[in-house]
Amino acid sequence: MTFNRPTEMNSITPKMMEDIDRIGDDFKNDDDLLVLILTGTGEQAFSAGADLKKTITKFKEQADQGARFMDDPTKRFFAGIYKPIISAINGFCLAGGTEIIQGTDIRIAAPHAKFGLPEVHWGIIPGGGSHVRLPRQIPYCHAMDILLTGRMISAEEAIQFGLINKVVPADQVMPECEKYAEIICSNGPLAVQAAKEAALVTYNMGWGEAFSTEAIIAERVFKTDDAAEGPLAFAEKREPVYTGK
Numbered sequence: 000m001t002f003n004r005p006t007e008m009n010s011i012t013p014k015m016m017e018d019i020d021r022i023g024d025d026f027k028n029d030d031d032l033l034v035l036i037l038t039g040t041g042e043q044a045f046s047a048g049a050d051l052k053k054t055i056t057k058f059k060e061q062a063d064q065g066a067r068f069m070d071d072p073t074k075r076f077f078a079g080i081y082k083p084i085i086s087a088i089n090g091f092c093l094a095g096g097t098e099i100i101q102g103t104d105i106r107i108a109a110p111h112a113k114f115g116l117p118e119v120h121w122g123i124i125p126g127g128g129s130h131v132r133l134p135r136q137i138p139y140c141h142a143m144d145i146l147l148t149g150r151m152i153s154a155e156e157a158i159q160f161g162l163i164n165k166v167v168p169a170d171q172v173m174p175e176c177e178k179y180a181e182i183i184c185s186n187g188p189l190a191v192q193a194a195k196e197a198a199l200v201t202y203n204m205g206w207g208e209a210f211s212t213e214a215i216i217a218e219r220v221f222k223t224d225d226a227a228e229g230p231l232a233f234a235e236k237r238e239p240v241y242t243g244k
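Under numbering that gives the first Met the number 0, the first residue of the sequence shown carries the number 0, and numbering increases by one thereafter.
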């Protein structure tokens, strides 16, 4: 998925919000699609967030139109999708851009990438899940630094905060993401999705409930054809042929 408005810093319009939601659903429901990579067109920006020229002037109207994204928890960026999602961050990743990558699993950035949630500068707050996701994904003090100051942080700081996985030369961002995708796609697809599901759904559970839930998910995977194919391929010294069944 590519945000393709390079002259506007790949900022996101209300129509694009609908497209992101639709594409996420298509990705989730298509068994032939195993990994999704997000990026922005050009070398300047991944996404600078909402297109304020289009949204602020019609804030109430846009808020009404976007209510299903704001009020329905399942409509936070890529919530409920257990297939892996990778961010190829090729530049500015601000406001909604930073919110989008919080819905992804692996994040690779160029050295010149910048991150931040500047909404407090504008008298508003992020509405795409950052107050929930960010303190759970990185240490609390770093999350509050980003949320309360609204300042931009560098790719180097983002690494230190734990917001991204790796910084690579700009021309290697997409190849590095594709390398991750190839490795993931070589694994059993049902096992990969179950691993992400188990990590997400058990996050706020107590130990007992979490371990029980993990066991239920694991048992479901062990009953699949792929779970039989993997060990068999290992014993026969060949690459496994997974069918997703």
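Note that these hints are calculated values from the structure, not bench results.
Here a beta-carbon is modelled for each residue, glycine too, at the ideal position from N, C-alpha and C.
Hints should not be assumed to be uniformly reliable.
As a list, the in silico BS3-like pairs of lysine-lysine whose alpha-carbon atoms are at most 30 Å apart [to be verified]:
1. Lys165 / Lys27
2. Lys222 / Lys27
3. Lys222 / Lys236
4. Lys222 / Lys195
5. Lys244 / Lys222
6. Lys222 / Lys165
7. Lys195 / Lys14
8. Lys165 / Lys178
9. Lys236 / Lys178
10. Lys27 / Lys14
Derived CB-CB ranges, DEER-like [to be verified]:
11. Thr6 / Ala214: 28 to 36 Å
12. Phe233 / Lys195: 20 to 28 Å
13. Glu218 / Asn28: 36 to 44 Å
14. Ile215 / Gly243: 15 to 23 Å
15. Glu17 / Glu238: 34 to 42 Å
16. Asp29 / Asn203: 44 to 52 Å
17. Asn203 / Gln171: 46 to 54 Å
18. Cys184 / Ala217: 35 to 43 Å
19. Leu51 / Thr148: 31 to 39 Å
20. Thr148 / Arg237: 53 to 61 Å
Hints and how they fare:
With a C-alpha separation of about 26 Å, the suggested pairing of Lys165 with Lys27 holds against the 30 Å cut-off. At most 30 Å may separate the alpha-carbon atoms for a hinted pair to count; Lys222 and Lys27 meet this at roughly 22 Å. Our distance criterion of 30 Å between C-alpha atoms is met by Lys222 and Lys236, whose separation comes to about 22 Å. Distance restraint check for Lys222 and Lys195: the Cα-Cα separation of roughly 18 Å lies within the 30 Å cut-off, and the hinted pair is therefore satisfied.
Note on Lys244 and Lys222: the hinted pairing holds, with a Cα-Cα distance of about 9 Å set against a maximum of 30 Å. Our distance criterion of 30 Å between C-alpha atoms is broken by Lys222 and Lys165, whose separation comes to about 36 Å. Using a Cα cut-off of 30 Å, the hinted pair Lys195 and Lys14 holds, with the two alpha carbons roughly 29 Å apart. With a CA separation close to 13 Å, the supplied pair Lys165 and Lys178 stays within the 30 Å bound.
Simply put, Lys236 and Lys178 have alpha-carbon atoms about 24 Å apart, close enough for the 30 Å limit, and the pair holds. Only pairs whose Cα atoms come within 30 Å are accepted, and Lys27 paired with Lys14 is accepted, the gap being roughly 20 Å. Take Thr6 and Ala214: their Cβ atoms lie about 52 Å apart, and the range 28 to 36 Å is violated. In this structure the supplied range 20 to 28 Å holds for Phe233 paired with Lys195, their Cβ-Cβ distance being about 23 Å.
One distance hint, 36 to 44 Å for the beta-carbon pair Glu218 and Asn28, is violated here, with the actual separation near 24 Å. Distance hint check: the CB atoms of Ile215 and Gly243 are about 20 Å apart, consistent with the given range 15 to 23 Å. About 40 Å separates the C-beta atoms of Glu17 and Glu238, a value consistent with the hinted range of 34 to 42 Å. For Asp29 and Asn203, the Cβ-Cβ distance of about 29 Å falls outside the hinted range of 44 to 52 Å, so the restraint is violated.
Distance hint check: the CB atoms of Asn203 and Gln171 are about 36 Å apart, inconsistent with the given range 46 to 54 Å. Distance hint check: the CB atoms of Cys184 and Ala217 are about 21 Å apart, inconsistent with the given range 35 to 43 Å. For the pair Leu51 and Thr148, the supplied restraint of 31 to 39 Å is violated, since their beta-carbon distance comes to about 19 Å. Range check, Thr148 to Arg237: Cβ separation about 54 Å, and the 53 to 61 Å hint holds.
Going down the numbered hints, you'll see the structure goes against 6, 11, 13, 16, 17, 18, 19, while the others check out.
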